[in-house]
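Engineer: Spelled out from the first residue to the last, the chains are:
Protein chains: 4
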Amino acid sequence: MPTTPTEQDVIRMLDALSNWGRWGKDDQLGTLNLVQPKHRLAAAALVTDGVPVSCSRPISTEITADTTFQPLRFMVDSGEGRDTASPARRLERRGASEFIGMVFHGYTITHVDSPAHYFWDGKIYNGRSCNLVTAREGATVEAVDLLKDGVVSRGVLLDVAALKGRWLDSGEGVMPEDLEAAEKAQGVRVGEGDILLIRTGYYGRRRAEGPRHPLKDGSPAAHVACAPWFRERGVAMLGTDTHNDVSPVPYPNIGNALHTVALVAMGLWLIDNMNLEELSQACASRRRWAFMLTVAPLVLRATTGSPANPIALF
Amino acid sequence: MPTTPTEQDVIRMLDALSNWGRWGKDDQLGTLNLVQPKHRLAAAALVTDGVPVSCSRPISTEITADTTFQPLRFMVDSGEGRDTASPARRLERRGASEFIGMVFHGYTITHVDSPAHYFWDGKIYNGRSCNLVTAREGATVEAVDLLKDGVVSRGVLLDVAALKGRWLDSGEGVMPEDLEAAEKAQGVRVGEGDILLIRTGYYGRRRAEGPRHPLKDGSPAAHVACAPWFRERGVAMLGTDTHNDVSPVPYPNIGNALHTVALVAMGLWLIDNMNLEELSQACASRRRWAFMLTVAPLVLRATTGSPANPIALF
Amino acid sequence: MPTTPTEQDVIRMLDALSNWGRWGKDDQLGTLNLVQPKHRLAAAALVTDGVPVSCSRPISTEITADTTFQPLRFMVDSGEGRDTASPARRLERRGASEFIGMVFHGYTITHVDSPAHYFWDGKIYNGRSCNLVTAREGATVEAVDLLKDGVVSRGVLLDVAALKGRWLDSGEGVMPEDLEAAEKAQGVRVGEGDILLIRTGYYGRRRAEGPRHPLKDGSPAAHVACAPWFRERGVAMLGTDTHNDVSPVPYPNIGNALHTVALVAMGLWLIDNMNLEELSQACASRRRWAFMLTVAPLVLRATTGSPANPIALF
Amino acid sequence: MPTTPTEQDVIRMLDALSNWGRWGKDDQLGTLNLVQPKHRLAAAALVTDGVPVSCSRPISTEITADTTFQPLRFMVDSGEGRDTASPARRLERRGASEFIGMVFHGYTITHVDSPAHYFWDGKIYNGRSCNLVTAREGATVEAVDLLKDGVVSRGVLLDVAALKGRWLDSGEGVMPEDLEAAEKAQGVRVGEGDILLIRTGYYGRRRAEGPRHPLKDGSPAAHVACAPWFRERGVAMLGTDTHNDVSPVPYPNIGNALHTVALVAMGLWLIDNMNLEELSQACASRRRWAFMLTVAPLVLRATTGSPANPIALF
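Chains as they are written, first to last, in the working numbering: chain A, 67 to 380; chain B, 67 to 380; chain C, 67 to 380; chain D, 67 to 380.
Wrong hints could be hidden among the right ones.
Note that identical chains are pooled: a pair holds if it fits in a single copy or bridges any two copies.
Taking lysine to aspartate or glutamate and the DMTMM-like style, the derived pairs with C-alpha atoms no more than 25 Å apart in a straight line are [said to hold, decoys possible]:
(1) K189 to E203
(2) K104 to E344
(3) K282 to E158
(4) K250 to D215
(5) K104 to E249
(6) K282 to E128
(7) K282 to D132
(8) K189 to D115
(9) K282 to E344
(10) K230 to D115
(11) K104 to D115
It is worth saying that the hints were derived from the structure and are not from the lab. Model, not experiment: these values are computed from the prediction.
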């Protein structure tokens with residue numbers, strides 16, 4: 067029976083799992099230091115079918131129960147009336163285009179979290195001051211453009227929802243025992259440099275039953291109890307199909323405990339709100355849960371993350 | 067000596083190079099139909115070093131000479147004062163986050179153009195009506211989320227700037243003869259399903275000399291004279307380090323001729339405003355101009371393109 | 067008993083009440099031509115107490131049941147941490163400021179509609195083509211900056227909710243008979259050049275019972291049956307505490323009939339989504355329903371309206 | 067010859083001119099407490115012609131030399147193609163509308179500054195903490211919606227540019243002696259509760275010579291030397307045709323000194339970037355520099371100001 071850490075245990079994790087200084091005092095990459103050329107080579111070697119699968123949800127402008135900030139799409143120009151317009155007017159108009167806008171953090175958009183996204187005790191990853199993430203200048207350190215060359219490595223899906231044969235419940239955390247049971251059931255072992263994807267089924271449930279607000283209605287996630295396991299295995303990046311913290315929060319004085327331990331202490335970059343439904347099927351049908359994974363965030367200056375469309379390639 | 071097509075020649079190309087109906091009357095993918103699993107397999111097989119290279123420019127909020135619409139980044143919350151705030155306040159604030167907004171079409175942001183971006187004679191690719199791209203609903207067809215699974219194939223860089231030993235001039239078009247000379251010099255041959263990248267050096271010049279406005283100051287690009295060559299070779303997607311049309315426009319009654327022939331007639335998806343500087347060095351240092359390329363646009367509903375960070379993997 | 071016009075009656079109104087050509091073929095001001103210096107003088111002469119009352123709802127970034135597009139407020143810079151920052155940093159930061167954004171049309175923001183906002187049979191007010199309101203250029207005619215000098219005139223509140231002693235119901239239209247009964251009860255008569263404000267109590271109900279979606283849950287408004295009365299009396303501008311059309315729409319083939327007759331045929335500018343609650347009390351306590359009213363839209367280029375904060379002065 | 071205060075003099079002003087506590091420790095209105103019903107009555111009594119004049123510049127989406135953040139206008143729907151669309155489609159589309167967005171603070175948009183806009187020594191007006199203006203919540207105190215009922219009072223234009231017969235130069239400050247000379251020349255005296263408007267001609271110069279960047283190219287303004295005069299006279303609100311601080315800043319360790327003394331110490335609300343050109347003509351042609359002025363900011367929650375279109379009525 068899994069043991070749930072106490073609040074004091076979690077506070078201790080912030081020290082015990084700390085990667086501050088591990089890659090030098092100037093490091094900003096955190097656990098992405100673990101991805102080396104050999105891991106990318108090994109990832110490419112996994113490609114045997116040539117079939118790509120998106121791990122992103124669609125970005126829509128709809129207001130739904132899980133919307134915090136409504137994404138925007140407004141056309142700068144459309145195609146309407148170009149069939150009846152004069153030739154001069156057609157030339158003047160040229161292409162259709164649009165303004166897009168979004169707050170990608172939140173509960174609906176698939177996105178990467180950089181370490182600058184989270185704070186503990188006035189600090190971000192590697193002991194830098196929280197005051198380096200400013201209202202005016204944005205994330206002056208540990209911003210997402212550190213990943214300009216993308217993250218390419220072996221992706222491993224641990225399909226906990228498939229293992230349990232059900233969607234995880236609101237407030238239910240994936241425990242280390244679940245990860246190991248999934249490894250065993252799937253015949254795979256998570257290792258250093260891997261991008262670990264954990265499926266709780268939360269997005270599948272959203273598709274089937276409609277949107278719910280993670281804070282009001284609760285959400286599953288990997289439990290912070292898994293953090294030591296992530297460190298031990300050398301997970302380079304963690305993605306799930308939820309916002310990456312159990313809700314309601316089990317540690318009210320810490321808040322989003324997994325974000326805090328992962329981003330601040332470990333420098334472990336996260337991918338929130340993934341769509342792992344098609345990936346789950348692609349893995350199950352092949353009886354294979356490891357694949358080449360490419361995460362290519364936008365090269366946004368001074369931001370604490372980026373929307374992204376992670377592509378698994380089989 | 068290369069022959070520049072006349073305006074009538076270009077108009078004829080719109081028929082002669084048309085892919086309308088080629089993949090059925092319901093097709094929206096255009097030349098991306100040419101990328102098959104075998105091409106992705108072959109692309110993955112090119113990975114020998116495990117080194118990734120971004121082909122994206124940074125996205126910055128600065129107003130520069132080539133800005134049409136200023137990109138936005140506003141923080142929803144920052145890290146400032148979290149070191150001195152009360153514990154209750156710290157918990158309340160949680161993560162730093164931001165609103166980002168942009169018109170990715172234009173002259174500065176690396177982005178994908180979907181066929182819905184361009185029109186000719188009241189039509190978009192495959193003969194659909196321009197009125198299907200609306201101010202209210204956006205691109206109701208031929209939108210960028212067709213590429214939700216990304217584009218993964220062999221990328222080939224034809225480094226025309228390196229071939230000529232100089233940046234191409236304003237108004238100078240890359241001609242088919244240049245492409246073939248580059249192929250010969252580099253020992254590579256563009257084939258079916260490839261993502262062709264052409265370097266004019268325009269972005270290198272921007273870095274060295276500062277921004278200029280493509281329409282006011284002129285810009286090089288692949289000349290529309292190359293379109294038959296693209297079709298003959300089976301190019302699946304075309305990217306360059308410019309906005310993908312020569313400026314000033316050589317065919318004033320057509321406007322952006324390459325956009326028109328590529329997007330409308332051929333259904334050839336484009337990548338505009340790439341950064342091919344690091345890629346150029348990565349290729350030259352390896353004496354190898356073919357690599358695995360992953361383009362993963364955001365899964366934006368009803369838009370005529372997407373910002374993207376194409377990743378070349380050696 | 068009031069007679070509700072048939073759909074054909076409403077179609078006939080579009081001709082019968084037309085002001086096209088009334089102020090010349092180049093006119094864009096419509097019924098605001100009726101406000102002359104003498105009306106402003108008379109309005110100023112009504113000021114006896116020196117007490118101003120806002121007729122605007124607050125603009126908030128919350129998503130509520132009546133939100134179509136969420137208003138945005140993101141800080142460009144805040145005050146946080148300025149007490150502990152270095153002097154150099156304080157100087158560098160200067161003022162707090164914010165980005166604001168909104169789609170003011172809709173059901174929540176108090177705003178002015180210019181004639182360019184609505185269309186009938188391919189035309190806007192005074193017979194201009196609908197194609198003059200473009201996706202790229204916006205409202206190239208009949209835009210809100212025509213009102214750069216504001217609208218200042220006598221405001222008259224007809225408090226139909228007070229007359230009936232209840233909020234009007236969903237789908238309930240204010241009829242001409244109601245206006246005349248209110249005039250009689252209040253001892254006031256609407257005349258040429260007046261800005262007529264009609265209170266249905268809809269916003270009072272929103273405050274008491276919470277937001278509802280006007281289209282899904284229905285809304286009261288002035289019924290299009292009042293349009294002949296507006297024209298006969300010489301109403302220069304019409305404002306109500308709803309979105310200015312009864313919902314569900316009584317004329318499904320016309321849609322928002324009052325918008326169509328008022329904006330397109332009459333050139334009668336509208337103020338949607340007012341807050342008339344404090345005004346109602348200010349009038350009742352003084353037993354006086356006429357006052358000086360100043361409407362000062364922002365001087366927005368090429369837009370079909372503007373958010374505004376109309377100020378009644380007693 | 068006017069005496070320019072030293073930096074120490076300006077620092078002393080922060081105490082000497084302080085209105086902290088003057089209207090109670092809970093006060094947020096600052097000098098707007100000085101506007102009483104009698105002032106509004108007196109203002110209304112000035113209306114003799116019934117002619118309104120806007121004091122706002124137009125808000126345009128252009129990028130110009132004085133743009134910091136580009137204002138946005140994107141159509142949500144246009145009128146294009148409604149003449150040729152099917153009746154069903156026309157009904158579906160309804161009105162044209164737009165998204166507007168802007169950072170109104172800066173150098174181009176006519177706007178009101180609330181006291182929350184500025185800080186000194188970790189404090190805002192009336193001694194509140196700077197930490198009450200947050201990145202997430204905005205201005206939790208001293209926000210612009212305090213002015214929901216607008217500001218209506220006597221406006222007085224002191225036309226210093228007319229007095230001097232020239233535009234003021236970059237870096238040139240209007241001094242108290244200039245204000246008194248203008249009073250004398252115009253035959254007007256600024257008194258308690260007035261909204262004082264000072265014309266330097268800066269916007270007239272912009273119209274004639276084109277935009278310049280106030281920080282790079284310099285700007286005139288009322289000099290902070292006038293602050294004691296403002297307090298002595300009981301000025302309730304101050305507006306000018308510049309961004310309201312001399313540039314380059316004469317007190318580098320203070321920065322925008324007038325903003326600091328006015329907003330922080332005095333609680334004196336400002337109107338920046340006005341257009342006083344038409345007002346100047348309206349006053350000169352009537353030989354009258356006092357008029358009714360209505361400033362009606364949008365009722366924006368938690369913001370440090372608002373765009374506004376102040377209307378003078380003669």
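Engineer: The structure should be examined with respect to each hint, and the outcome stated for every one.
Structural biologist: Here is what the structure says about each hint:
1. Proximity of K189 and E203 under a CA criterion of 25 Å is satisfied in both settings, with 17 Å inside one chain copy and 22 Å between copies.
2. With identical chains, the CA atoms of K104 and E344 are at most 25 Å apart between copies only, with a shortest distance of 21 Å across copies and 28 Å within one.
3. Only between protomers do K282 and E158 lie at most 25 Å apart by alpha-carbon distance; the minimum there is 15 Å, versus 50 Å within a single protomer.
4. Taking the shortest alpha-carbon separations for K250 and D215, neither the intra-copy value of 33 Å nor the inter-copy value of 29 Å comes in at or below 25 Å.
5. For the homomeric pair K104 and E249, the shortest alpha-carbon distance inside one copy (23 Å) is at most 25 Å, but the shortest distance between copies (30 Å) is not.
6. For the homomeric pair K282 and E128, the shortest alpha-carbon distances inside one copy (19 Å) and between copies (16 Å) are both at most 25 Å.
7. For the homomeric pair K282 and D132, the shortest alpha-carbon distances inside one copy (9 Å) and between copies (20 Å) are both at most 25 Å.
8. For the identical chains of this complex, K189 and D115 are neighbours neither inside a copy (45 Å) nor across copies (37 Å), given an alpha-carbon limit of 25 Å.
9. Taking identical chains as interchangeable, the C-alpha atoms of K282 and E344 are never at most 25 Å apart, the minima being 27 Å within one chain and 35 Å between chains.
10. In the homo-oligomer, the alpha carbons of K230 and D115 never lie at most 25 Å apart, since the shortest distance is 28 Å inside one protomer and 39 Å across protomers.
11. In this homomeric assembly, K104 and D115 come within 25 Å of each other (Cα to Cα) both inside a single copy, at 21 Å, and across copies, at 8 Å.
The earlier numbered hints that this structure contradicts are 4, 8, 9, 10.
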